[in-house]
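K.L.:
As a plain string of letters, each chain reads:
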Amino acid sequence: MWTSDRVAGSALVLLAVVTAGETRRLPLGTLHNPGPGYMPLLLAVILGVLGAIVALRGGGAPRLIALRWSEAPHAFAILAGSAFAAFALERLGYRLTVIVLLAFLLGVMERKRPAVVVAVALGLSLGSFFLFSNLLKVPLPRGPWGL
Amino acid sequence: MAETFQNLYLGFSVALTPTVLFYAFVGCVIGTLVGVLPGVGPLAGISLLLPATFGLNATNAIVLLAGIYYGAMYGGSTTSILMRIPGEAASVMTCIDGYEMTKKGRAGPALAIAAVGSYIAGTLSIVGLMFLAPPLASFALRFGPPEYFALLVLGLLVLAYMSSGSMPKALAMAALGLLLGMIGIDTMTGFFRFHYGLVELGDGIGVVPVAVGLFGISEILLTAGLPTPPAVHKPKLRELLPSRQEWRDSAAPIGRGTLLGFLIGIIPGSAHIISSFVSYALERRLSKHPERFGQGAVEGVAGPESANNSATSGAFVPMLALGVPSGPIPAVMLAAMMVHGISPGPFLITQQPELFWGFIASMYVGNVVLLILNLPLVGLFVNLLRIPYPFLYPAILVFCVLGVYAVNQSVVDVWIMAIMGALGYLLRKFEFDTAPIVLGVILAPMLEMALRQSLAMSGGNYAIFFSRPIAATMLLVGLALLLLSLRPLLARGADWRRSVGLEEKRALGEENP
Amino acid sequence: MTLRLLTLFLALLFLTAPAADAQEPFPARPITLVAPFPPGGVADLTARPVAAAMEKVLKNPVVVVNKTGAAGAVGMSFVANSKPDGYTLLLALSSISIIPEADKLFNRTPAYNMTQLSPIALISADPTILVVAADRPWKSVKEFVEDAKRRPGEISFSSSGVYGTLHMATEMLSHAGGIKLKHVPFGGAGPALTAILGGHVDALASGPAVVLPHIKAGKLRPLAGWGAKRVAALPDLPTFKELGYDIEFYIWAGVFAPTGTPAPVLKALRDAVRQAVEDPDFKGAMAKLQTPIAYLDAPEFQKFWDKDARMLADAIKRVGRIEEKK
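Heads up: the protein sequence lines correspond to chains A, B and C, in order. Number 56 in my numbering belongs to position 56 of the first sequence; there are no gaps in the numbering. Counting the second sequence from 1 gives a position; my numbering is that position plus 1000. Counting the third sequence from 1 gives a position; my numbering is that position plus 2000.
Don't take every hint at face value.
Stated by the list, open to error - Label pairs and their calculated CB-CB ranges: (1) B/L1157 x C/P2235: 49 to 57 angstroms; (2) B/L1132 x A/V18: 43 to 51 angstroms; (3) A/L31 x C/D2271: 55 to 63 angstroms; (4) C/R2108 x A/R113: 48 to 56 angstroms; (5) B/F1466 x C/K2317: 36 to 44 angstroms; (6) C/A2176 x B/P1469: 36 to 44 angstroms; (7) B/F1466 x C/E2300: 53 to 61 angstroms; (8) C/K2241 x A/R91: 45 to 53 angstroms.
To be verified - Calculated cross-link-like contacts (lysine-lysine; reagent style BS3-like; alpha-carbon spacing at most 25 angstroms): (9) C/K2059 x A/K137; (10) C/K2142 x C/K2216; (11) C/K2056 x A/K137; (12) C/K2241 x C/K2229; (13) C/K2241 x C/K2307; (14) C/K2059 x C/K2283.
Honestly, the hints are just simulated from the structure, not real lab data. Where a beta carbon is used, it is the ideal one built from N, C-alpha and C, also for glycine.
Produce the entire structure from the sequences given, and follow the hints as far as they go.
P.N.:
Pasting the structure below:
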């Protein structure tokens, strides 16, 4: 019953409804002078309609439980790593953040040998920083102690 | 004509001096390095390195920047093809078929054709630039908000041809992308929309984090946890070169892409980004085997890459001929010229012939240098794929973070990339195509602004779109295309392409192996 | 294994530990000058010569960092909220006064308050000039205003964005002349210029440097300037004040520091900028940009800024929320 398309379509309809609600705060204007809320509301309506179409025609799609999620835990860990990178980038500075990120991904997730992990983490972090920040003058954040 | 060749000779005599050649080469190398960074495209590359050029003299500085520009465009296609990470927004279409070719072991040919296509497109468009700059520039200036709107509506119609899955799903993704593009300050009234207190969202969520997240990060999320890591192709030398069939298939797309890209590029504004999208759609429409698109069709690489490259030359037309800042990249180049005391204007060509022709000649030189740089590097890049995936993907992730951060020095962009990565992962699991979202994010703000500006100009009267010849023509063409695409739907009740594409996907089990 | 990693990590951190920084003389570290606009824009192009000249005077690196977004709000709020130790400075344009007012108009929490920033020095002040497309009939301000009175709301002008500096300048003219013009906003000064060059709008208020080449080429016609004095490059161009309109508008650029910076540090910075604007390299760079230097030290700059901010606040309140006027 709950096929993937039906779930996705319903999610889109929900998103459309929420968005339409959010546009309440923006002045709508008229057809001849559209205000800031006009296009978002129009698009939200279109999205809702399309989402409904996807959901209604979704009978032929594979069932939700039939979808394979085997790599999901791994993917979640990578996402957590990315979130950490976003959080830490300007607080710890580029080099420290990358070292921690690589140590996590290579050491914890991929279970590589510690010596290899350290070598790759240090090498990639310091090397890329040197190449892009020092040589190419791309401003990269520095953390405490100027790291 | 003879005068043009004389000027070109002058230009080459400037461009082929050792110093200028050196700067062109350095520019190309830096540009390639910067372009390989996911998300960092030509604009980011030039902006980042503009300060470094302040100490140089005018010609060297401009040549260096042009080299960076072209290098970034070439470099961007490398990551797109090898790792499905768009090097910049315009490379998104190359990701689709280019990566499929890589999975089939045809990474070398894909890179080679991208390089050669870019080279041909670049060279031909520079020829166009040389001979046609002044008349084209005057034509280009006639593109005001109504014409811009019509062009973008045409761009929207491209969405109908872009995806291989079901039409409602593709359109839903387009609507989602358009909606995402609404985030930010509304230029017409100053209202902040959907920003939830974050000042950084004032300019919208930016197409770079969205593209890198939806394509690159989602790819990593889908592949990293697989029980058997992806097969590593060890290419032989023979496999690095395109086959004769691939060359034949690419010839026409390269030609069409060049012309199309150049025409779209000369239009002032940021519309040149959509040149690769339009080229992909065009190739798909004209192809005799449209179901191959999305599975590794070489036309899907040749066309967009050529269109991309010639659009960049096209973007310089109004800038060089009239001194008009016709988009963010020409604006930076103009600023670079102003810093060096050259005031660009309509008389740039006549008053500063060494600069203009030197610039043109250096663009030729740049294209040649990049072709020479990139072809042998094809082998090197393809060998990068041999690195075991567990080591490769953390490195890719680091570079994605680096690239996305570097564009705006904004951590919010990195967050957006992560969120879009998660979204892309879910969408691909549910068999939605993510490319229309990127196009939607690009088009939405421009489309809305053009519409409302046009209505402001006409006082609310929609007739303005039909009283102006260029806009009216484009809208009629769009209408015709729309009706043509709906015809099979009306005739048979199903788009045969769609059903074939969908069936094939299920048969091959590509999406959920 | 984890323990080994942890030890290695801590060792690394210790190796890079800095010397204690107690009472060091200012400046002891690189100073960051934030330019809240993308590279190639007016703020950026002014910031770099300033940074280079200050570096020479202070014998200490001064690095320009672009923090762009939201018409400058991102960069400005960044500096306003940063530590007031003198190491983070802002090079802002006159739009610094506009953003908090616009926020108030929309009942938003302001991204920053003007009280959070203390002026160090004014660097340049370009008077805006009014240009019209060359093929339009008006040859003087008088003709322009008369025509505008006859056809209210029909003559169009472009701007870099709603509530932007170019919009505000034109708004002040409309108010002083009692006329109503049609506003077509664009996403920046560049597209606004392209629009008038293409003949899609009738008029534009712009800084002189970018339109000079087009004036010389005959594509644009200047009508008057918003400055108190005439523009050096256009000696025949009257000012609005001469023509009887009491308006003055400059696109100015100045250096700011977060409020709360200790007095000795402020003094050091003021001295540095004062010497920097005398530097011949700096003068040469600004001359190349065709931007006249208009240096004002902090106390005079504060007065200038207050007056300018009041003027802009009035203009913004008059414009009000766009969609409420129909």
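K.L.:
Out of the numbered hints, which ones does the structure contradict?
P.N.:
When the structure is compared with the hints, none of them turns out to be violated.
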